[in-house]
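There are 2 protein chains.
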Amino acid sequence: MAVTLKDVAERAKVSRSAVSRTFTDGASVSEKMRRKVEKAAQELGYSPNALASSLTTGRTKLIGLVSNNFHNPIFLEVFDRFTRRLQDKGLRPLLVNLSDETDPENSVRMLRQYSVDGVVVASSTLPTGFAKAFRDAGVPVVHSFGRASSSPQVHVVGIDNVESGRMAAQTLVARGYIEVAFMGGPQNATSTQDRFEGFCAEMAKHPDLKHSHSFADAYSFEAGRKEMLRLLEHKPAQAYFCGDDVLSLGALSAIKDRGLKVPEDIGIIGLNDMEMARWESNSLTTIHQPIEQIVNSSIELVVAMLDEPDRYPEARIFPCRVVERSTLRPLPSS
Amino acid sequence: MAVTLKDVAERAKVSRSAVSRTFTDGASVSEKMRRKVEKAAQELGYSPNALASSLTTGRTKLIGLVSNNFHNPIFLEVFDRFTRRLQDKGLRPLLVNLSDETDPENSVRMLRQYSVDGVVVASSTLPTGFAKAFRDAGVPVVHSFGRASSSPQVHVVGIDNVESGRMAAQTLVARGYIEVAFMGGPQNATSTQDRFEGFCAEMAKHPDLKHSHSFADAYSFEAGRKEMLRLLEHKPAQAYFCGDDVLSLGALSAIKDRGLKVPEDIGIIGLNDMEMARWESNSLTTIHQPIEQIVNSSIELVVAMLDEPDRYPEARIFPCRVVERSTLRPLPSS
DNA sequence: CAAAAATTTGCAACCGGTTGCAAAATGTGC
DNA sequence: GCACATTTTGCAACCGGTTGCAAATTTTTG
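As they're listed, the protein sequences go chains A and B.
Position 330 of the first sequence, counting from 1, maps to 313 under this note's numbering, and the rest follow consecutively.
Position 199 of the second sequence, counting from 1, maps to 182 under this note's numbering, and the rest follow consecutively.
What the hints contain is simulated information worked out from the structure, not anything from laboratory work.
Hints should not be assumed to be uniformly reliable.
No distinction is drawn between identical chains; accordingly, a pair holds when it is met within one copy or between any pair of copies.
[Claimed, not checked] In silico lysine to any residue, SDA-like type, Cα no more than 25 Å apart, as pairs:
#	residue 1	residue 2
1	Lys22	Phe198
2	Lys115	Thr173
3	Lys193	Leu214
4	Lys115	Leu314
5	Lys(-11)	His189
6	Lys209	Asn279
7	Lys22	Glu88
8	Lys(-4)	Ala187
9	Lys72	Pro87
10	Lys(-11)	Gln25
11	Lys(-11)	Arg95
12	Lys209	Arg261
13	Lys115	Leu27
14	Lys(-4)	Val306
15	Lys193	Ser309
16	Lys218	His54
17	Lys22	His189
18	Lys19	Lys72
19	Lys(-4)	Ala298
20	Lys19	His271
21	Lys188	Gln170
22	Lys239	Ser309
23	Lys15	Glu291
24	Lys244	Glu216
25	Lys244	Arg261
The whole structure should be built from the sequences, with the hints applied where relevant.
Here's what the structure looks like:
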């Protein structure tokens, strides 16, 4: 069925090497030869088999894209960015869905079988050790949206979650809220832990203010709604820092159902700044996470590792910023 | 770096074929041999190179997943389902993002270079001819969410969009709306055209009722909002069938901004029944599209084509159903 | 227990490419 | 035009596996 190198060589009456060389840039081929080969290739509709060549070159241009966040809308943006950027660089994403049951060991094995050149683990909820399994298997790996660390074991690209928790607290304090709260995502996610830590650290500077905390079961609308409904049964705080935007939307839904007004009765600040936060019906005040930079930088890093496999693990941390919308009361004009 | 067949063969002191056979099911190997080989493989940490073997077997177990819908949240659900299901069948999704600029020819070539076993084109907005390019290149292809046709050129799995348009119209009529309208997605999408056709066909049966139509620029929140804001400047209809759920949410946002009530002042029915439609803050009445069946059936079909490449093109159409929520007035109790 | 049948094993060629090396072709200087 | 340097080309081995075939081994049968 498929046209091979050999077919082209025969038709052009040249050696197989000659054909191979015309399709390899940087190889030594005369103009005359190149034209002859290209003509034959054209006529036969030949295009080289990337996998066969990977066998000798050791490069497949396949990048494993591993994630477990197939229910958080922000990840559609993440996948969009990753796939586009990889394509631009001539790389192909091999997608791995790690949702619930799937065994990590398994994906490592599988991605090795397909000899991916590198792996990007895109998740804020996977344990830090997960990406390490790839590194241990000798596969270049970058953990995107992973935990910032001053001595990372693998390359990490993302935000400083501690800092973002601090930023959220500062934002609430600056707006004059007296009783604030942290409503986190799943408690075992490092992102939740770090945001909580930062939040507490900042609040510790304001002993006169009250703060409390609780956790939702997942980074999801339903979980956020459920948790906020629970909170509203007792005396709620004046403002909440929710674990992420989708949790915030769930919380908002609960608040409005109870007939309360945002931001008058309760304030909300989220994290991520996903497209939906911008929708006029939500208009969520949130902390912007620079997805584009994170994605681009992750890819840059994994590409760099191809040439330099033992590159010293590095943490690339991008700053966040507060995006003012309509779910927090304005700054006192003072 | 990597452990190869040869290494295992040497360590186990057997031929390379023997090793190959222990890792190929259905091959003739004695228990004794298998144990010897497996022991050596274990010790060396060997796992076979899937791409090398694809060279001789002609199967890569790679499936191209091609889409251009990286901004519609429903597609996160679609990707989730596709990746899980493919993984369950031992197949790997190679994701291709066709957003805007990317040239279709290009992706065909690329997917051929990676010798994918088959391709799933998941999109309701791509032209019918797109998937054909794969078929013409001899690659098994299924167009998911494609246009239903009684004489399809490639395998199509999806819903009957004409019928769903009809169903929407019926639903509106049954609820006693006198002036109804179709607010479609992009006019060049086949799904839009077909839904419109069905809508009109049904309305033609009710010459006493008024109906009108218009189109949004994209299947997106912003486009739906913009179009509805425009419609609200003149006298709007009593109820709208919006092209899909995300358009509906945009429309709802516009309606509420204008201080109108849903469903009292204006009714909305969407299409897709994405997770977000279920969110209490939206509670969108919509037509459920059976994503799970469509995905599973698409994969089933593409797998079937592996063994039977010239299988006669088939259209698999799944029925939709209306999901009652809160954006249409109730049925008259009559 | 020997002969026939069935099973297991290894050899060697092949899948579709790449690449080091030496031979052939082309270009340069005098 | 000749000797030498440079570029282009083909040969053949290799990448990591699979597989048809025949030889070797084991099992069955009389």
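**Study point:** Same-copy or cross-copy closeness of lysine 218 to histidine 54 [CA-CA at most 25 Å]
**Key:** neither (31 Å within a copy, 39 Å between copies)
**Request:** Check lysine -4 against valine 306 for me: Cα-Cα at most 25 Å, and say if that holds within a copy, between copies, both or neither.
**Result:** Intra 65 Å, inter 66 Å, cutoff 25 Å: neither.
message: Treating 25 Å as the Cα threshold, decide for lysine 115 and threonine 173: within, between, both or neither.
response: So lysine 115 and threonine 173 pass the 25 Å test inside one copy only (15 Å; across, 46 Å).
Worksheet entry | Within, between, both or neither: lysine 193, leucine 214 at alpha-carbon 25 Å | within (16 Å within a copy, 48 Å between copies)
**Prompt:** 25 Å Cα cut-off: does lysine -4 pair with alanine 298 within a copy, between copies, both or neither?
**Reply:** Neither: 54 Å inside a chain and 46 Å across chains, both beyond 25 Å.
As a check of your reading, is lysine 19 near lysine 72 (CA-CA no more than 25 Å) within one copy, between copies, both or neither? neither (29 Å within a copy, 44 Å between copies)
message: At most 25 Å between alpha carbons: which applies to lysine 115 and leucine 314, within, between, both or neither?
response: Neither: 44 Å inside a copy, 58 Å across copies.
| task | With 25 Å as the alpha-carbon cut-off, assign the pair lysine 22 and glutamate 88 to within, between, both or neither. | result | Classified as between; 19 Å across copies, 47 Å inside a copy.
Note to self: My question is about lysine 19 and histidine 271: at a cut-off of 25 Å on alpha-carbon distance, are they close within one copy, between copies, both, or neither?
What the structure shows: neither (55 Å within a copy, 57 Å between copies)
**Q.** Alpha-carbon proximity context of lysine 72 and proline 87, limit 25 Å
**A.** between (27 Å within a copy, 17 Å between copies)
ask   = What label fits lysine 244 with arginine 261 when the C-alpha limit is 25 Å: within, between, both, or neither?
value = For lysine 244 and arginine 261, the Cα distance is within 25 Å both inside one copy (19 Å) and across copies (22 Å).
Original post:
Should lysine 209 paired with asparagine 279 be assigned to within, between, both, or neither, using CA atoms and 25 Å as the limit?
Top reply: Answer is neither: 35 Å inside a copy and 31 Å across each miss the 25 Å cutoff.
In the structure shown, a violation is registered for the earlier hints numbered 1, 4, 5, 6, 8, 14, 16, 17, 18, 19, 20, 23, in ascending order.
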